[in-house]
Every structure is written in C-alpha cells, then in structure tokens.
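Here is how the chains run, residue by residue.
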Amino acid sequence: MWRIAETPRITVADFYEAGRESLELDWEANADQAVGREITEVALNRPGLALAGFLRYFAYRRIQVLGLAEMTYMGSLRPDERQQRYRILRHVPAVVLSRGRHMPVYVRKTAGELGIPVMRTRLVTGHFMNAGTVLLQNLSSPRIRVAGTMIEINGMGVLLEGEPGIGKSEIALALIKRGHSLVADDTTILTRDSTGTIQASAVEITREHMEIRGLGIIHVPRLFGVSSIRGAMRLDLIIRMRKPTAEEDDIDRTGLDTATRNVLGVEIPLVTVPVAAGRDLTNVVEVAALNARLKQMGHDAARELDERLKMVLSRKETSS
Amino acid sequence: MSPDPESAAKSPEPLSRDVVVQNRYGIHARPAALLVKTASRFACEILLEKNGVKVNAKSIMGLLTLEGHHGSKLRILASGADAADALQALAELFEQKFFED
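Chains A and B supply the protein sequences, listed in that same order. Numbered per my numbering, the first sequence spans residues 76 to 395. Numbered per my numbering, the second sequence spans residues 13 to 113.
Hints listed in this document are in silico derivations from the structure and should not be mistaken for laboratory results. Where hints are given, some of them may not hold.
One-sided excerpt, in silico: chain A residues whose CB lies under 10 Å from chain B [claimed, not checked]:
1. D155
2. E156
3. Q159
4. A321
Calculated lysine-lysine pairs in the PhoX-like style (CA-CA distance at most 25 Å, straight line) [claimed, not checked]:
5. A:K385 <-> A:K370
6. A:K184 <-> B:K109
7. A:K391 <-> B:K62
Model, not experiment: these values are computed from the prediction. Cβ coordinates follow ideal geometry from the N, Cα and C atoms, glycine included.
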C-alpha cells in the first residue's frame with residue numbers, strides 16, 4: 076500500500092507553473108523549450124563570476140538569475156565581447172531576469188540562438204532567490220501517494236486508512252457534516268517539505284470530490300460550502316481501521332504505547348482502531364484527533380492516570 | 013429467559029483461583045491491559061474479586077478500580093467452557109509479576 080518514495084524529476088515548465096503566482100513569473104523567450112527541460116541541480120545561481128570570465132565551478136545545471144549587478148556589468152561590455160560571454164549560458168536549464176526587467180535586444184538575440192527558456196520575475200533579486208529556493212525544494216521534496224482519506228479535524232491533519240469498503244469515506248462525510256474539512260478522499264499525496272514536515276494534499280484532478288457507495292461521485296464544497304474542504308494540511312496522525320480479529324495484539328488498550336509509522340523519514344503517531352458493527356467511528360476518530368492534539372500540547376491522559384494509580388497503589392501497600 | 017441446554021451444560025458454579033499481586037506497582041494500566049488482553053482470548057465469563065468487590069476481567073477501567081496493590085489478595089472466578097484454561101492463563105500473569113520488576 077505504501078509505495079517507495081519518489082523524488083520527482085523537475086522540468087523548467089514545472090518550475091514556471093508552480094511559481095507563476097508566488098514568484099510573479101512571466102515568459103520572456105523560448106517558453107516552448109521549457110517542457111521536458113529538466114533542472115538537474117535543484118537550486119538557483121547568480122552567474123556573476125562566470126559572466127566575468129571565471130568558469131571553474133560554474134553551477135551551469137542550476138537556473139541562472141540575472142539581477143541588477145549582472146545586467147549592469149554585461150551592459151558595460153563591448154557588444155561582441157558581451158555576446159561571447161553570454162554563450163556560457165548555453166547549457167543552463169533556464170534564465171530568470173529579476174525586477175520585471177525585459178531582455179535587452181542583444182540578450183534576446185543570444186537567447187534566441189541558444190534556445191534557452193527565459194523568464195522574468197517582478198520580484199527583486201534577493202527576494203526571488205529566497206522564495207525560488209524554497210519553491211524548488213518543495214517541488215523536489217520526496218513524495219508518496221498513499222491509499223487513505225485525509226481530513227482536518229480541529230486543526231489536526233488525520234489520515235484514515237483501511238481496506239476499501241471499510242468506511243473511510245462515510246466517516247469523512249460524517250466529519251464534514253460536523254464542521255471538519257476534507258483534504259483528500261481515497262488517495263492522498265504526502266510530501267516532506269523543506270522544514271521536515273509531512274504535508275498531505277489531494278491529487279489535483281479529483282480534489283474536492285468524494286465517492287460514496289450508492290451515491291457515486293459528489294462535489295463536497297458545492298454540497299457543504301467552502302469551509303468543508305482545504306487544500307493542504309500537515310499530517311499529525313494516522314488512524315488505521317481494520318476488521319476485528321481474535322488476537323487484537325496491535326490494539327493499544329491503555330494509550331501508553333504510542334505507535335508510530337515512518338513517513339518519508341518522519342515518525343507519525345499511529346492509532347489502530349478495530350471496526351466492530353455498531354461502533355460510532357466518527358466519534359472515535361474525532362476524539363483520537365483531539366487526544367493527539369492534547370498529547371502535542373503535553374497532556375498525556377493515559378500516562379497521568381497511570382502515574383496517579385502507581386502512587387495510590389504504593390500508598391495502599393504501605394498502609395495495609 | 014428460556015433455559016438454554018448449552019449454558020446449562022456449563023458448570024453453574026464458577027471455578028476459582030486465589031492469587032497475590034506480586035509486582036511492585038500493583039495493577040496499574042499496563043498489567044490491567046495485559047489481564048484484559050489475556051482474558052479476552054477466552055469465551056468464558058471471568059471476574060476478579062478483591063474484598064468482596066467483583067469486576068469484569070475483560071474491562072480495563074473495571075480492573076483499575078480494584079486498586080490491586082502489591083501484596084493484595086485477589087480471587088479469579090471463571091465460568092464457561094474454557095474456564096479452567098482461563099484461570100491458568102491469568103494466574104500465570106500474576107506469578108510472572110505481569111513481566112514487570
């Protein structure tokens with residue numbers, strides 16, 4: 076069920092799509108070259124030194140950012156020399172011009188000859204370098220696609236998993252009616268972002284939709300309002316639902332032994348709940364989320380009761 | 013209730029076994045969970061009795077109310093087809109000090 080993590084291959088087109096709004100990107104030239112053009116080193120580079128002639132260690136696998144300094148320097152060169160210098164960019168994945176700058180005619184000519192995709196951003200160079208680096212890291216972060224329904228319950232991101240037909244979507248529906256929000260039904264994408272947090276989101280094409288047996292596909296926000304869905308959510312808790320068995324060895328009856336599952340290198344608390352007929356699982360799931368939140372806040376009911384019990388029991392012993 | 017021939021065949025008198033709590037902390041959450049897990053493997057009804065108070069051995073919260081501290085004497089009562097095996101399995105846990113200490 077849990078596939079091996081894949082580190083995605085990122086193309087210039089992916090970068091443009093992801094950053095079009097947040098990085099305020101626009102195409103300047105050769106947009107048609109961006110599709111399938113891979114960014115093999117996922118980072119940004121300012122090629123000042125390379126343009127000045129120092130080519131050793133030139134990070135040509137990265138996206139190159141030309142800011143005010145680079146442009147002013149290049150503008151100071153003789154046209155033939157300038158064109159020669161620009162040729163060092165022929166192997167880079169893409170070029171970004173900052174501050175909304177358009178290409179000078181000579182750059183346009185060179186870019187056209189070299190076939191490099193050129194974008195411009197309205198951001199200033201420093202800001203673009205920071206925001207662009209975070210975006211690239213998130214784009215390239217390891218991700219897995221898992222079978223499970225992702226719900227936000229009172230600020231906690233909860234992944235419900237279990238065999239098809241065990242009732243994940245029905246529970247999600249009941250939770251939505253109680254005011255909680257759907258992140259993804261049935262299939263959830265988990266990624267580890269640049270801060271080491273696991274983020275859950277829906278597959279774009281089925282986002283906002285659910286399949287309920289007997290009803291078919293429904294559109295959640297149209298039925299329940301915009302607050303019934305949310306785009307992405309941190310993963311705080313996994314709830315595994317399964318049919319009751321004779322042994323029940325994996326069921327923690329006290330809550331003292333918090334199980335976890337390793338998700339992309341991060342340990343996520345895991346609760347296993349047997350699904351017996353007539354059990355109100357919506358309630359159980361809701362309380363599991365609240366209890367996990369209490370634990371995050373440092374209150375562990377099971378541990379606190381156990382400590383009190385031990386104290387009482389040892390006092391009884393000495394008095395008896 | 014109509015007389016059920018099958019339950020009539022079960023011994024009406026429960027089997028019992030006296031045990032002593034031997035682990036240091038007594039029946040706190042972990043031992044209680046262990047008792048419940050073990051008891052739940054058997055079909056018979058199992059009770060734990062201390063000073064005349066009886067609780068169901070398949071209920072964690074029930075067991076905790078017994079306040080079974082170190083040295084206290086309990087009686088296990090079991091009635092049903094597999095009562096003898098259940099007694100044996102539960103008494104074993106007490107003797108093993110619930111695998112604590």
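Structure-based check of all given hints:
| no. | hint | result |
| --- | --- | --- |
| 1 | D155 | 82 Å, violated |
| 2 | E156 | 78 Å, violated |
| 3 | Q159 | 76 Å, violated |
| 4 | A321 | 7 Å, holds |
| 5 | A:K385 <-> A:K370 | 21 Å, holds |
| 6 | A:K184 <-> B:K109 | 84 Å, violated |
| 7 | A:K391 <-> B:K62 | 14 Å, holds |
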